[in-house]
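Listed below, chain by chain, are the residues.
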Amino acid sequence: MISNFIVSLVTFFPLLGIVLLLFVDKEKAQIIKLVGFITSLATFVLSLHLYFHFDSQVAGFQFVQQFVWIGGLNISYHVGIDGLSLLMILLTTFLTPIALLGTWNSIERRIREYTMMILLLETGMLGVFASLDLFLFYVFWEAMLIPMYFIIGLWGGQDRVYAAVKFFLYTLFGSLLMLVAIIALGYFASTMRGGAFTTNLVELYSVASRLPLTLQLWMFLAFALSFAIKVPLFPFHTWLPDAHVQAPTAGSVILAGVLLKMGTYGFIRFCVPLFPDATIVIAPYISVLAVVGIVYGALVSIVQTDIKKLVAYSSVSHLGFVVLGIFAMTEEGMQGAIIQMVNHGLSTGALFLLVGMIYDRVHTRKISDFGGVAKLMPVFASFLMIISLSSIGLPGLNGFVGEFLILLGAFNSTLLDNHAFAAFAALGVILSAVYLLWMYQRVMFGPVREGGLYNGHTLTDLTRREIVALIPIVLFVVWIGVYPETFLSKSAEVAKRTVQLIETTQRGAPIRYADSPDSSREPLH
Amino acid sequence: MFALTPYIVLFPLLGFLILGLVGSRIKSEKLVGTIGSGVVGISFLLAAAIFIQMLGLEEAKREHVVTLFPWISTFTGTATSLSVSVAYQVDQLSILMTLIVTGVGFLIHVYSIGYMHGDKGFWRFFSYMNLFIFAMLNLVLADNFVLLFLGWEGVGLCSYLLIGFWYEKKITGDAAKKAFVVNRIGDFGFLLGMFLIFQTFGSLNFDTVFGSASVMSVGNPALKWITLLLFVGAMGKSAQIPLYVWLPDAMAGPTPVSALIHAATMVTAGVYMMARCSILYALAPTTLLFVAVIGGVTAVFAATIGLVQNDIKKVLAYSTISQLGYMFLAMGVAAFSAGIFHLMTHAFFKALLFLGSGAVIHGMHDEQDIRNMGGLKKYLPVTYKTFLIGAIAISGIPPFAGFFSKDEILWKAFSSDYGSVFLWLLGVLGAGLTAFYMFRLVSLTFEGEERFAHDTHPHEAPKSMTIPLIILAGLSVIGGFVGIPRSLFGGNAIEHWLEPIFASANSKLMISEYKVVWSEYVLMTLSVGIALAGIYAARIIYLKRIEIASALVERYNKIYSLLLNKYYVDEAYDAAIVNPIVNASDKILWKGFDVRIVDGLVNGSASLVAITAQWARKVQSGVAQNYAIIFIGGIVFILTWLLVK
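One line per chain: the protein sequences are A and B, in this order. The first sequence begins at 1 in this note's numbering and counts up one residue at a time. The second sequence begins at 526 in this note's numbering and counts up one residue at a time.
Because the hints were derived from the structure by calculation, they are not lab data. Think of the CB as a built atom: it goes at the ideal place given N, C-alpha and C, for glycine as much as any other residue. Careful, some of the hints might be misleading.
[Stated by the list, open to error] Partial chain B-side listing against chain A, Cβ under 10 Å, derived: (1) Gly679; (2) Met719; (3) Val822; (4) Ile1106.
Please model the entire structure based on the sequences and the hints provided.
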C-alpha cells in the first residue's frame, strides 16, 4: 500500500530530478528548468496524498515507516507525520515549484547545479519535517545546510560569501550543541531501568520527560539555541538580513518560507514535548524574547532602505508571534502559531518573490530608487497590495487568523499569566501597518520617475508566468483567511496534545520534584 | 425574508469581484457605473423589504440570526473554546444601519457616476466603493465581535485605498497611510478589548456576551477596561480626540468618498459599536463619563478649527469630527437612541453637504479654496439650494432634521443622570460655532462677490449628481420627523423602535421615566437662539461688513494662526512620537544594536578565531630545524618539570 512509504516517496522524490539532471546537457537551460519545475510539482502532487488520506481524529503519527538503520544504537530510519508535519510538508512542496516558476529567468549561471541544489534542499527540508528519529532528523537538518550554503554563496549578491559563511557558522554553532543533547538523551534513555540507547523520538517522549528538571533545562537550552537561531529569535537574528539580501530570490523564498519554520517546528516537536518541566520554567523567558523580537523587528523594518532587508526584518517580527503563540501554551495560541507558520511562509514567500520580480527588471532594491510604480505595473501593484495586507493581518486574509489566535492565546495564557505579553505583541499589529504601507507608498505611489526610467531600466508589468506563480499563493491567502477550518482542523490534535501535556505537567509538577516519590516516574541512578 | 440577509452583504461583494477582476476590460463607464450602483441598490431593496416585514412583526420576533459557516474556532469543546462564525444578525439597530449604509451609499454611488466621469480609474473606484459597502455591512450586521472587527478593518482598508485613489500625488499617499496607521492604533485597543471580553465571558458572540453581562453588576472592573479599550478603537475609527488627526487629511480622496466613508457611514462605526455594546457601557459609569467628556470636548475643539479653514472640504471634515463628538456625547450620557438618531440625520445632511461641495469643486474645475469662490448661487442654483438646506439642518434650526436629533442630545446631556450642565454647555457652545462656520462657508462660497478668475466659467452639475442632492436634501428636511419628542407632541418613533435594543442597558442605568418639563422648552429656545445668532453673525461678518473679518484676524492674530494651524497637533505628534521612534529605530536599534553590538560580537569572535589561527599556523612552517628546536625545547621542559617535581 502506498500509505506505507508515501512519506519517504515524497521526501526523496526531488532526488529523482537530480538524477535526471545528470543526464541533461548543462547548456540546455530550458530543459533543466523544466525538469526542476516538473519534479517539484510532482512532489507537490504526491504530497496531496498525505492531505487527502490524513485522519484529523487520530492521535499520534500517521503514515509511519520504520526500519533499523544502526542496530546497535537503536537508530532507525523512522518517518511519519502528524498535523503539524503535514502542514509543513505541504507548505514545502507547495512553495518549491512556485519559487522555481517565479524566478524562471533570475539565474543565469550554472543553472543545472542551481536546480540540483534547490531539489536537494527540498529533500532535506521534507526529511526534517518527516523524521521521527532524532539521529535521522539531525542528518536531514545538517544536510539541508549544505545546499542552502551554496545557493547563497554561489548565486547570491555582492557580499554573498560573507552572508553564506555567517549563515553557515551561526546555524552550525547551534546544531552542534543539539547533537550533544541528542547523544545525551540517548544515553539517559539507556540509564533508565531496562532501557537502551535510542534516538527514537516516540520512545524518548516518555523517557525525557522523566528527567529531573536541571537536566531537562540544560537539554532544552541545547536544543532551543539551535532552534532559536533558525527562527530567528531575537537576539540571534542578525544572520537573517544578510542571508536574505544576498540570497537569490528562490533562495530567499525558501529560506523565509520554509527554513525559518524549522526553528518553530523544532520547538513544538522536540523542546516542548521532550522537556515539559523545562518548558514551564523557560516559557516566560522565551516569550519575552519573542515579544521583544516582534517589536524590535518591526521597528527596525520601518527604517530599512532596502526592500528585501525590510521584508527580512519583518520576518523577525512575524516569527516572534509564532514563538509567543507556542509558549503561551494555550490551544488558541498553539493553533495560531501553527497556522501562522503556514501564513508567514505564504505571505513572506510571496513578498520575496515580488521583490525579486521587480529587482529582475531594474536591478535595484533601494526604496528611494522607486516611486510611481503602481502606474506602470498595475497588476504587480494589486499583488503587492494583497500580500502586504495579508502580512499586516487584515481580517479576511490569512495573517489575521494566525495573529488573532496567537494574541488571544497569549492574553489568556495561564502559563505566562500576564497581559503585558499580548499587549506589547499587539503593538506589532500597528507597526506592521507602518512599515509595509510606508514601503508601499514610497515604492508604488507618487509620480512616475522621469522618462519612466528606474536605475536606467524601464518597468513592464508582470508576465503571464509570474502571474501564474503568484495566483496560487493569493488563493491560499484568501482561503485561510475566510475558511481556516480546513487547516486548523488538521493541526487541532497536535495542538491539543501538546498543550494538554504541559497542563498536566504543570498540575503534577510540585508533587514529582518535592518529597513524595512518583511511581510512574523513575529517578536516575 | 430574513433568509435574504446574507444577500444584502453578498451583492456588494459580487460587484467588487466583477469590477475588480474584469473591470479594466469593461470600456463603458455606464456599465461599470450601473453594476457598481446596481448591487448597492439591490442590497438597499432587500434591506427595505426585511425592514417592512419587521414593522409587521411583534417586537420579540424582530431579531433574527442567519449563520453561514464557522469561521475561526478551536476544537477543545470546553466552555472557553473560541468559536466564531460568519453570521449576520438582523435586529432593529442593524437594519436601521443597513438602510442608512445602503440607502445613502446607493445615492453616493449614483452621484459618483457623474463625478468620476472620465477618470482613468473609473472601474477601480467603483470596485473599491463596493468593497467598502461589503465591509461596512459586515460591520453592522455581524453577530460577533470578530466579524465586526473584520468589517471594522475592512472599511479602514477601503478608506485607505480610496483616500489614496489618486496615488500619483504625494499628499494622497501620506494621507492614506496616516489614516490606516492612526486607525490601527485604535484597533490595537479594540483587539485588547476583545481579548479581555473573551477572558471575561469565554465567548466573542454578542448573544453570549451581552446575555452574561446583563446579570453582572454596575462597576465591574473588567467591564471598565473592556469598554475603555473598545472606545479606544472608536476614537480611531470615529476620529475623536486624540486620534482625530487622520480625518482632515483624508479629504485628499475623491469627494464622494468623503461623503460616504468620512461622513455618513464609516466614521460612525464607533458610535454604532457603542450602541451595540450598550449593556457593557451601562455597567461602566466611569467609561461613560470619559466618553461624554471626550465627545463634548471634541465637538467644541473641532468646531473652533472649522471656523477658520479655507478649504471647503476641510471645513466639512472638522464639522464631521465635531458632529461625531455630539454622538459620543449622547452615548456618554447614556442617551443611546439619541446618538443613533443623530447618526442617521447626520448621514443625510453631511452626505448632502459633502456631495454639494463636490458639485462646487466639479463646477469650479477642481478649485477647493473658498477664498477663490463667492457668488456661485447664480451658476449652481440646485447645488446652492440643497447645500443651504444642509447648512440649516446641521445648524439645528427647526423643523429640519438636525434640530430634533441635536436637541435631543443637548437635552439628555443636561437632564440625564449621567449628564451635567458642563456637558450641556459644551454642546451648546458647539452648536453656536457650528451655525457660524456653516454659514461662513455658505456665504463665502455661494454669496457675495465673485472672487474667481473670469475664465473659470462655473457650471451646474449633471443630473446624476443633482438628483442625489435633491433626495438627500429632502431627507435632511423630513428625516428628523421620526424622532419628534413628546414635548413637541411627537411620538419619538425612532426611540420606540430601538427600545428593545437598549432595554437591558436602560434597566441597569435605572433611567427614570421621561416627563415633559418646562426647562426643556427653555433649553430648546436657548439652543435655537444661539444657532440663529451664529448664523446672523456669520452673515454680517462675511457678507455685509467684510472688514470685520480682517479686523478680527488682525486683532487676534495669535489665536487665528493657532486655529488655522489646527493647534499644531500634527507637528506635536511628529516631534513627540513619530520622529523619536524613527530615529531610535534607525540609530539605536538597527545601526547600534544589530550592526555594532550583535554583529560586532559575531564578527569579533570570527576574527578572534582567524587571528589565533594566523598565529598558530606559523608553528607549522615546514622547516625541519624549527621542528627540531621545538622538539628539543619540549624534552627540556618535560625533564625540568619532572626534576623539579
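Let's test the interface hint: is any C-beta of chain A closer than 10 Å to that of Met719 (chain B)? 8 Å, holds
Double-check Val822 (chain B) for me: the hint is only fine if its C-beta lies closer than 10 Å to a C-beta in chain A. At about 25 Å, which exceeds the 10 Å cut-off, the nearest Cβ of chain A leaves the hint on Val822 (chain B) violated.
Under 10 Å, Cβ to Cβ, is where Gly679 (chain B) needs to be relative to chain A, so tell me if that hint holds or is violated. 6 Å, holds
Does Ile1106 (chain B) meet its interface restraint, that is, does its C-beta lie within less than 10 Å of any C-beta in chain A? 7 Å, holds
Violated hint: 3 only; the structure is consistent with all others.
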